[in-house]
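Asks: Each chain is listed here by its residues.
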Amino acid sequence: MTDTSTKPAAASSTTGSTSAPSAGPLTRFLRATEIDTRLLGMMGALLLIWLVFHFYGVIFNGFGAFLTPRNLWNVSVQMSSIGIMATGMVLVIVTRNIDLSVGAILGVTGMVMGILQVEILPQYLGLGHPAIWVITVIVGIFVGGCIGAIHGWLIAYRGIPSFIVTLGGLLVWRGAAFLSANGKTISPVDATFTLLGGGPYGAIGAVGSWTVGVIACLGILAALYAGRQSRKRHEFPVRPMWAEIFMGLLGCGLVIGAVLVVNAYPWPRGIVNSYIEANGIVLAEGETLFISHGFAYPVLIMLTVALLMTLLVSRTRFGRYVFAIGGNPEAAALAGINVRWMTLRIFALMGALAGLAAVVASARLNSATNALGLLDELYVIAAAVVGGTSLAGGVGTIYGAILGALVMQSLRSGMVLIGFDTAVQQIVVGSVLVLAVYLDNLYRNRAK
Amino acid sequence: MVELRDISIAFGGIRAVDGVSLDLYPGEVVGLLGHNGAGKSTLIKCLSGAYKADHGQIFINGQEVTINNPRDAREYNIETIYQTLALADNLDAASNLFLGRELVTGGGLLDDARMEAETRRILARLNPNFKKFKDPVSALSGGQRQSVAIARAVYFNAKILIMDEPTAALGPQETQMVAELIHELKRDGLGIFLIDHDVHAVKQLCDRAAVMKNGQLVGVVKVDEVTEDDLLAMIILGKKPEHLAA
Ligand SMILES: Nc1ncnc2c1ncn2[C@@H]1O[C@H](COP(=O)(O)OP(=O)(O)OP(=O)(O)O)[C@@H](O)[C@H]1O
Ligand SMILES: [Mg+2]
Chain A
10 MTDTSTKPAA ASSTTGSTSA PSAGPLTRFL RATEIDTRLL GMMGALLLIW LVFHFYGVIF
70 NGFGAFLTPR NLWNVSVQMS SIGIMATGMV LVIVTRNIDL SVGAILGVTG MVMGILQVEI
130 LPQYLGLGHP AIWVITVIVG IFVGGCIGAI HGWLIAYRGI PSFIVTLGGL LVWRGAAFLS
190 ANGKTISPVD ATFTLLGGGP YGAIGAVGSW TVGVIACLGI LAALYAGRQS RKRHEFPVRP
250 MWAEIFMGLL GCGLVIGAVL VVNAYPWPRG IVNSYIEANG IVLAEGETLF ISHGFAYPVL
310 IMLTVALLMT LLVSRTRFGR YVFAIGGNPE AAALAGINVR WMTLRIFALM GALAGLAAVV
370 ASARLNSATN ALGLLDELYV IAAAVVGGTS LAGGVGTIYG AILGALVMQS LRSGMVLIGF
430 DTAVQQIVVG SVLVLAVYLD NLYRNRAK
Chain B
63 MVELRDISIA FGGIRAVDGV SLDLYPGEVV GLLGHNGAGK STLIKCLSGA YKADHGQIFI
123 NGQEVTINNP RDAREYNIET IYQTLALADN LDAASNLFLG RELVTGGGLL DDARMEAETR
183 RILARLNPNF KKFKDPVSAL SGGQRQSVAI ARAVYFNAKI LIMDEPTAAL GPQETQMVAE
243 LIHELKRDGL GIFLIDHDVH AVKQLCDRAA VMKNGQLVGV VKVDEVTEDD LLAMIILGKK
303 PEHLAA
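Heads up: the sequence lines are chains A and B, in that order. Residues in the first sequence are numbered consecutively from 10, following the numbering used here. Residues in the second sequence are numbered consecutively from 63, following the numbering used here.
Hint data in this document are derived by calculation from the structure and do not stem from the laboratory. We put the beta carbon where it would ideally sit given N, CA and C, even for glycine. Incorrect hints may appear among the rest.
Listed next, the in silico EDC-like pairs over lysine to aspartate or glutamate satisfying Cα-Cα at most 20 Å (straight line) [unchecked claim]:
#1 B:196 <-> A:244
#2 A:241 <-> B:180
#3 B:302 <-> B:242
#4 B:114 <-> A:339
#5 B:275 <-> B:242
#6 B:193 <-> A:244
#7 B:193 <-> A:339
#8 B:196 <-> A:43
#9 B:194 <-> A:339
#10 A:193 <-> A:128
#11 B:265 <-> B:304
#12 B:221 <-> B:242
#13 B:194 <-> A:43
#14 B:302 <-> B:80
#15 B:114 <-> B:85
#16 A:241 <-> B:173
Have a look at the derived ranges for each label pair, beta carbon to beta carbon [to be verified]:
#17 A:167 <-> B:146: 51 to 59 Å
#18 A:246 <-> B:114: 45 to 53 Å
#19 B:146 <-> A:138: 53 to 61 Å
#20 B:146 <-> A:50: 56 to 64 Å
#21 A:348 <-> B:121: 26 to 34 Å
#22 B:246 <-> A:241: 30 to 38 Å
#23 B:77 <-> A:440: 51 to 59 Å
#24 B:146 <-> A:169: 26 to 34 Å
Construct the complete structure from the given sequences, taking the supplied hints into account.
Replies: Okay, here's the thing in structure tokens:
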């Protein structure tokens, strides 16, 4: 097998129908479906983590709390801000750079947005004005992008290594976050803004989730069909029909499974009761309402970012150049790519994503504190690296980074659930990071 | 069609190219010979935009031009096969072939399928045994990589082609195909700079040969007027053969 993750446009790769007759059934199956074995390994690891935490709970606490709709929903919300940033970190690491400042950028943009929406905008627009959250989000993303652009400029045009620039940035922006409100916590944030962080009202409910699910399934089928047509048109080998059907069923199955899980998590009793009161609903004695959460807004934001970033990476010149620079910066320059300008833009994009992550993180807390995003840079880098992004450059995928973020968050949440304290959590997370990279090395050496 | 006049470039203290003048006509192949480190690659990199000469002028079709980067060189239809091949190892053949000049669909998205189809077409001409279109070029053999680099240079209708040891890694059959390609391109009126250590090949393929030593031009001779031994003597001794020295 070749490592299809090295090619950004993995979706259009064709190794099919060249399978040697001597290959075993599993190998033949993987070849025909073009499932990346690396991806399969990560899914397996994730499943293992989930099962271990769940059954640890079953055995030692008499109750498995991990594989419940409630916990899985919470994990999905908690991973969002890391996941959003991890997609950008992939591009940074692929081009052989690193960004240690993302947590601090998140912190300072969170403070800027907090001050803006709590202390400045209400003066002019009035408290709770519907434009407040829109302006705040735009400003947050913009400020993050500007900070990233400054870093990118220092790295690309002033030749300072990214490690140093962003290490300095980490301290500078963390300090700036503290100074911006003299260490105070700013809360509560705008009422609409806070929905972007999730919570019962910050989710799209059962009908909305089904709508999203159906659209996603149609999208998957359309993409498979378009891919097949395009291969036929150019007379490339196509996958066998059963493999296409299998991929379609697998994709749609995962989507529908996710919808079922988030819809199985109901609003808590108290919130349902106040909802019933507020809407004057009359219920028969002993009857209650089952109101589903559905997908939370931060999760939808993360998934949208992941989709757009995948498109950027695999279908645009920008993405192609990112990988070319990572593979061979000299060759990229000789091919006429402006490597410096690309580097600046990549860091600006990373900063903008940190700004967006700050929206999600501060909305979830319903406040802005100068400690927001502390140590996030490590989790973001870990997510990208666990997800298969190579620190040597040139290799990485967006879906891998999202899966990596899910793995990291599952570990954190799982250990909290079974009552490990912070010190143990740190030891485990650190060890897993090292182990993941080691296993990845083994895999790559074998794949060669 | 191309004239390099008095080109000099130094790295630190080393004068890698020292006052070299050289010209090239349409439909002509000029061989560039010299010992390792003579400055051949450096000289042509001034023309391809990889380096900027410290001193000297470049004329194309009689007009003086400034070439600041590889993009400028491509504007003048100058294509280069670098000695190092300059491939992004993690990308496949098609991505490398079109790097910097990707084909896009109406919506501005990459048209990978069309790029692959074009790549299959051109490589079928250069190296019919080439099959690995989906693998990153790091998985290719040295000769296959070289085929990709050659394909990239000839695909985009170059007028001036620079080939820095294009056959260094090729087998006899593939080398023969490159030789045929050079003849074909020459007939189409391209001007070609060919850097090669093989005196025999230079004598067969080129019209004129330029010899460099220690950054300086030893001389330019018509290959019909010299023997292979004369060329070797020029490379090693650094002076023109007696019967031409007059
Ligand atoms: N980027 C660079 N930095 C410093 N010195 C360089 C650089 N590139 C080339 N040189 C020096 O310039 C001189 C000429 O090198 P060049 O690569 O042009 O030689 P060449 O004639 O192509 O040799 P070969 O036959 O080995 O390819 C050498 O002494 C080399 O060390
Ligand atoms: Mg050379």
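Asks: Kindly indicate which numbered hints from before are broken by the structure, ordering the numbers from low to high.
Replies: When the structure is compared with the hints, numbers 3, 5, 7, 9, 17 and 20 turn out to be violated.
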